[in-house]
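*Asks:* So you can see what is in the structure, the chains are spelled out below.
2 protein chains.
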Amino acid sequence: MSEGRSPQGETLLFLTDEQLRQGAEAMFFAYRGFTADPDRILDGLSYGRAHHRALHFIQTAPGTTVNNLLTILGVTKQSLNRVLRTLIEDGLVQSQVGRTDKRERHLYLTEAGEALERELSDAQRTRMRAAFRDAGPEAVAGFRRVLEAMMDPELRRQYHKLRGGRG
Amino acid sequence: MSEGRSPQGETLLFLTDEQLRQGAEAMFFAYRGFTADPDRILDGLSYGRAHHRALHFIQTAPGTTVNNLLTILGVTKQSLNRVLRTLIEDGLVQSQVGRTDKRERHLYLTEAGEALERELSDAQRTRMRAAFRDAGPEAVAGFRRVLEAMMDPELRRQYHKLRGGRG
DNA sequence: TTGGAATGTCAACAAGGCTGACTTAAAATG
DNA sequence: CATTTTAAGTCAGCCTTGTTGACATTCCAA
Chain D
1 MSEGRSPQGE
11 TLLFLTDEQL
21 RQGAEAMFFA
31 YRGFTADPDR
41 ILDGLSYGRA
51 HHRALHFIQT
61 APGTTVNNLL
71 TILGVTKQSL
81 NRVLRTLIED
91 GLVQSQVGRT
101 DKRERHLYLT
111 EAGEALEREL
121 SDAQRTRMRA
131 AFRDAGPEAV
141 AGFRRVLEAM
151 MDPELRRQYH
161 KLRGGRG
Chain P
168 MSEGRSPQGE
178 TLLFLTDEQL
188 RQGAEAMFFA
198 YRGFTADPDR
208 ILDGLSYGRA
218 HHRALHFIQT
228 APGTTVNNLL
238 TILGVTKQSL
248 NRVLRTLIED
258 GLVQSQVGRT
268 DKRERHLYLT
278 EAGEALEREL
288 SDAQRTRMRA
298 AFRDAGPEAV
308 AGFRRVLEAM
318 MDPELRRQYH
328 KLRGGRG
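Residue numbers (the working numbering), protein chains in the order written: chain D, 1 to 167; chain P, 168 to 334.
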C-alpha cells in the first residue's frame with residue numbers, strides 16, 4: 001500500500017494520518033468526477049444538482065412522500081419545495097394526494113421525468129461502470145463497505161431501506 | 168455480492184444498472200457523512216466548507232501558489248479570493264511574494280491556521296479511521312482504487328501530484 | 001372538538017459558485 | 001526596449017441552493 005512502515009507493521013499502516021488524508025482527498029476528487037457528467041447536462045437546462053437528486057430518489061422510490069424525500073435528501077422542506085415546484089410545473093414530476101392519508105403527497109416521475117432521469121443517470125453510470133470495471137469486483141465490494149461505514153447511522157438506515165428487497 | 172443472478176454470472180453482476188445506482192447512492196450518503204463533522208465545527212465559526220478545503224490543501228502543499236490552489240479546488244479565482252482574503256485577514260493563512268517570480272504568492276498556514284486545520288481534519292479523520300477499521304485493509308484498498316478510477320484524468324493527475332514522494 | 005402532523009407558501013437572508021471588466025506588477029518575448 | 005502575457009487581486013452583479021421564521025390549510029386521531 002505504501003513504502004512507509006509504521007511501528008505496528010502492515011496491519012495498521014492504512015490508518016496513519018497521512019493515509020487518512022489521502023483518503024479524504026480521494027473522496028473530494030472522486031466526488032467531483034461523480035457529479036461532473038450530469039452537471040454538464042443540467043447546465044444546458046434550467047436545472048441544477050438539486051433537481052437531479054430529487055429525480056433520482058423519486059425514481060428509486062416511486063410514490064415516496066415529500067417528508068420521506070426530505071429525510072433522504074437532508075434539506076428543509078422549503079428548499080425541496082422550490083425544486084419540486086419547478087419539476088411539477090414542467091411536467092417531470094407528478095404529485096398525488098394520498099388515498100389513506102390525504103395530507104400526504106406521493107411523488108411519481110412522468111414519462112418526461114423518467115426520460116430526463118434516465119439521461120442523467122446514464123451519464124453518471126457510464127463513468128461508474130468504467131470505474132467499477134477498471135477496479136474489479138473485489139475493489140467494488142471494498143468501496144461499498146467503506147462508504148457504508150462512513151455514513152451516519154441514520155443515513156445508513158435510509159440507504160438500506162431504499163435497497164430493501166432489491167439489493 | 169448479492170442474491171441476484173445476471174445472465175453473465177457473478178463476474179459482471181456488479182455492473183448492473185441497479186448495482187450502479189446503489190453505488191451512486193452510497194457515494195451520496197457517504198459524502199454527507201464525510202463532510203458532517205467538520206461542517207459542525209465550522210457552523211460555530213464564521214467559516215464554511217470552502218474555507219476548510221482551502222486550509223486542507225494549503226496544509227497538504229505548503230507554499231502552493233494561488234493558481235495551483237485554483238486548479239486543485241476547481242473554482243474561479245474570485246471565489247477562492249473571497250475565502251482566502253478572510254483567512255489572511257484573520258491570521259490563519261500567510262501570503263508570501265515569490266522569490267524567483269514576484270508575481271506569485273505562496274500560501275502557508277500560520278500556527279492558528281494549522282490549529283484550526285488540525286481540528287477540522289481530526290474530526291474528519293476520526294470518522295474515516297473508524298470506517299477504515301470497520302471495513303478492513305482490503306476494503307480500503309478497493310475503496311481507493313474505485314475512487315481513483317472515478318476521477319477525471321486531470322484531477323487524478325493532481326491527486327497523484329499532491330501525494331508525490333509521500334506514498 | 002381540539003391538538004398536532006403534513007404540506008405548502010411567502011419573505012428574507014447567507015454561502016459559495018459563476019461571469020465580465022478592470023488594475024497592477026512582473027515576467028517573457030519579440 | 002517595447003510589447004504581450006501571466007499572476008494576482010478587486011468590484012459588481014447574478015444564480016443556485018441551502019437556511020429561518022411566520023403563517024395557512026387540511027386532515028387524522030385522541
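Careful: at least some of the hints might be erroneous.
Between beta-carbon pairs, the in silico distance windows are [unchecked claim]:
#1 LEU45(D) with ASP184(P): 38 to 48 Å
#2 ARG266(P) with LEU45(D): 43 to 53 Å
#3 THR277(P) with ASP101(D): 25 to 35 Å
#4 GLU286(P) with THR71(D): 39 to 49 Å
#5 ASN81(D) with ASP184(P): 51 to 61 Å
#6 LEU212(P) with ARG32(D): 16 to 26 Å
#7 ASP101(D) with PRO229(P): 19 to 29 Å
#8 GLN94(D) with SER213(P): 41 to 51 Å
#9 THR86(D) with ARG249(P): 22 to 32 Å
#10 PRO62(D) with ASP268(P): 53 to 63 Å
#11 ASN67(D) with THR277(P): 17 to 27 Å
#12 ARG266(P) with ARG85(D): 22 to 32 Å
#13 VAL66(D) with THR183(P): 43 to 53 Å
#14 ARG163(D) with SER246(P): 32 to 42 Å
Taking lysine to aspartate or glutamate and the DMTMM-like style, the derived pairs with C-alpha atoms no more than 25 Å apart in a straight line are [stated by the list, open to error]:
#15 LYS244(P) with ASP319(P)
#16 LYS102(D) with ASP122(D)
#17 LYS244(P) with GLU321(P)
#18 LYS77(D) with GLU321(P)
#19 LYS161(D) with GLU321(P)
#20 LYS244(P) with GLU154(D)
#21 LYS244(P) with ASP90(D)
#22 LYS161(D) with ASP301(P)
#23 LYS77(D) with GLU192(P)
#24 LYS161(D) with ASP204(P)
Read the hints as simulated data drawn from the structure, not as lab findings. Only a predicted model underlies this, so the values are computations on that prediction, with no experimental measurement involved. Positions of the beta carbon are idealized from the N, C-alpha and C atoms, including for glycine.
*Asks:* For every hint, state whether the structure bears it out.
*Replies:* Going through the hints against the structure:
no.	hint	verdict
1	LEU45(D) with ASP184(P): 38 to 48 Å	violated (23 Å)
2	ARG266(P) with LEU45(D): 43 to 53 Å	holds (48 Å)
3	THR277(P) with ASP101(D): 25 to 35 Å	violated (57 Å)
4	GLU286(P) with THR71(D): 39 to 49 Å	violated (30 Å)
5	ASN81(D) with ASP184(P): 51 to 61 Å	violated (30 Å)
6	LEU212(P) with ARG32(D): 16 to 26 Å	holds (25 Å)
7	ASP101(D) with PRO229(P): 19 to 29 Å	violated (58 Å)
8	GLN94(D) with SER213(P): 41 to 51 Å	holds (42 Å)
9	THR86(D) with ARG249(P): 22 to 32 Å	holds (29 Å)
10	PRO62(D) with ASP268(P): 53 to 63 Å	holds (58 Å)
11	ASN67(D) with THR277(P): 17 to 27 Å	violated (46 Å)
12	ARG266(P) with ARG85(D): 22 to 32 Å	violated (56 Å)
13	VAL66(D) with THR183(P): 43 to 53 Å	violated (30 Å)
14	ARG163(D) with SER246(P): 32 to 42 Å	holds (36 Å)
15	LYS244(P) with ASP319(P)	holds (21 Å)
16	LYS102(D) with ASP122(D)	violated (35 Å)
17	LYS244(P) with GLU321(P)	holds (19 Å)
18	LYS77(D) with GLU321(P)	violated (37 Å)
19	LYS161(D) with GLU321(P)	violated (36 Å)
20	LYS244(P) with GLU154(D)	violated (37 Å)
21	LYS244(P) with ASP90(D)	violated (35 Å)
22	LYS161(D) with ASP301(P)	holds (21 Å)
23	LYS77(D) with GLU192(P)	holds (21 Å)
24	LYS161(D) with ASP204(P)	holds (24 Å)
Of the numbered hints stated above, those contradicted by the structure are hints 1, 3, 4, 5, 7, 11, 12, 13, 16, 18, 19, 20 and 21, listed in ascending order.
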